[in-house]
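There are 2 protein chains.
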Amino acid sequence: MLARLRARLGGGPGQPGLMAPLPGEVFSGDDAAVLLPPAGRLLLAIDLVVEGVHIDLSLGSLADAGWKAISVNASDIAAMGGRPLHVVAGVSAPAGTDLDEVTDGMVEACAAYGVALVGGDLTSGRHLVLSVAITGTCDGRDPVLRTGARRGDLIWVTGPLGASAAGLELLRGARTESHSGLVRAYRRPVARVREGVVAAASGATAMIDVSDGLSQDLDHVASESGVGIRLTSVPIAAGASLEQALGGGEDYELVFTAPEGAPVVQAFEAAGLAVPTRIGICTADAGERSLEGHPLPITGWEHSFRSAR
Amino acid sequence: MLARLRARLGGGPGQPGLMAPLPGEVFSGDDAAVLLPPAGRLLLAIDLVVEGVHIDLSLGSLADAGWKAISVNASDIAAMGGRPLHVVAGVSAPAGTDLDEVTDGMVEACAAYGVALVGGDLTSGRHLVLSVAITGTCDGRDPVLRTGARRGDLIWVTGPLGASAAGLELLRGARTESHSGLVRAYRRPVARVREGVVAAASGATAMIDVSDGLSQDLDHVASESGVGIRLTSVPIAAGASLEQALGGGEDYELVFTAPEGAPVVQAFEAAGLAVPTRIGICTADAGERSLEGHPLPITGWEHSFRSAR
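Chain order of the listed sequences is A and B.
The first sequence begins at 2 in the numbering used here and counts up one residue at a time.
The second sequence begins at 2 in the numbering used here and counts up one residue at a time.
In short, the hints are calculated from the structure, not lab data.
None of these values were measured; they are calculated from a predicted model.
Incorrect hints may have been included.
[Said to hold, decoys possible] DEER-style ranges, computed between Cβ atoms:
(1) A:S62 x B:S234: 49 to 55 angstroms
(2) A:L37 x B:L123: 28 to 34 angstroms
(3) A:E289 x B:G141: 47 to 53 angstroms
(4) B:D101 x A:A96: 30 to 36 angstroms
(5) A:G115 x B:A202: 35 to 41 angstroms
(6) B:G97 x A:P95: 20 to 26 angstroms
(7) A:E109 x B:G41: 30 to 36 angstroms
(8) A:E109 x B:E270: 51 to 57 angstroms
(9) B:A21 x A:P298: 34 to 40 angstroms
(10) A:R173 x B:G182: 51 to 57 angstroms
Heads up, the beta-carbon is just placed ideally off N, CA and C, and yes, glycines get one too.
Same shape as in the complex, but just chain A (with noise of 0.2 angstroms):
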């Protein structure tokens, strides 16, 4: 299974594969995969899919779980302005599993982020649990942290909330027909690389994803840089309820918040990307957090099925 891994992924030394190693680089086959990074500062983050936890696979593939250890990974670097470079993977599976068909999302991830997979490990276990650890770099650019929102601040989304929250639900009600683009973006989240660097390269003095849902990742935010939040409007994915956009999680788009007079919609559209949606502000009052008025409920999302085990 891990020479067949190999050769598909970038092999050992002077194998070939997926995303050839520079010379001086050596992907999987030994100890420790040896990297030729970019001059600068490092990122790095580790995120674990498990089943039972992110993952139902009676709603979803191998493949999905896959493609969802990487996306999840990959959205942590896009969440600091950052470019994913290299991941390694950990798998535990109980036996019997198909290892390719993770291997397949896995693969069609990296290949969608232009990310390495560089070295894994693999184990048996009493259920799937994937881990991924990914680097990245910011190109030369501060990383983008939680912690630099001010007040005044414009607050922005790159997309539409709830629709993997959508997706769920319709997919534990097995009513799927009509609706493939919320059960995809349950199933295949994307996570918002391009659009990390350029929400960086405009401005953004803070920014997350939205992986426990917009409400509490905006907490997050608020807390960290001890501004308060007032939001006038959430854009919902069609299908979606305004709940779902608030406290779905998993949507991984990116909020970020960037002074006013930042050209946020210009980089957009010079980038070709669809052009963010202006939330709200960062407010003086550190605690305030409002929508249309009312207080915002902070609602954490219970990652699919934590309540339900």
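Place chain B on chain A using the hints.
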């Protein structure tokens, strides 16, 4: 929990901790850690420690599990001749797990290896899975791969083998009173980081850590280097059997090859480290795997509990 962890481990921006971030670095608390690794090639690895596969919580503590998760990763870096820099840790644990105890073991190991724990992910799960990814550097030297052994190279091992397997057998039989060294070797394996650096500096051509058992790990080196293996003797840990020394995994001693005349003994003595034992020679017959003229059994270490599940 994450906030407590953060306070202990290096903190968010500006917060002190076990290993303080450099100016421009950000450890846990954002979507990704921001790191300033040394320029040049970066080592990256991931290893999982899974309850029921690598650990049995009736035979060791949660802190032991945390220690092991860090150590097996540090050992991957050691086996490249590298020095570990940063780890990110993913923890998936059933409700009620004492995560502070897991963290205690991780922190203790990080301190022992001088590694900074810079981020992580925490999620629920049906059994304990610890997933650690690690970075490292060879400080400008070439990494020592599995592919570099040449015929005529001598084979060295950094210490006696079989202690971990013997410790596990004692624990399973509940006969642990007078064998604390063996039990400790199983519960608290130590990555040979300094030994790996010295081996690399003294001319090692190939290196691997003994995680799956000497026979199997040497077989990897031989296969990837295209040489045969002729062992003359194997150092056996006091209280362990030859079978445990050859087939027992998780000792995390380093096995390396070096040309005759390489200053291995002098380098280890100069560093104040125990001198490695010369156990054999690489031969031109790529199919040879022998010990004292007899075929060497290539039996893999079934990590602890796979067979018992």
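Practice prompt. Provide an ascending list of the numbers of those earlier hints which the structure does not satisfy.
Written response: none
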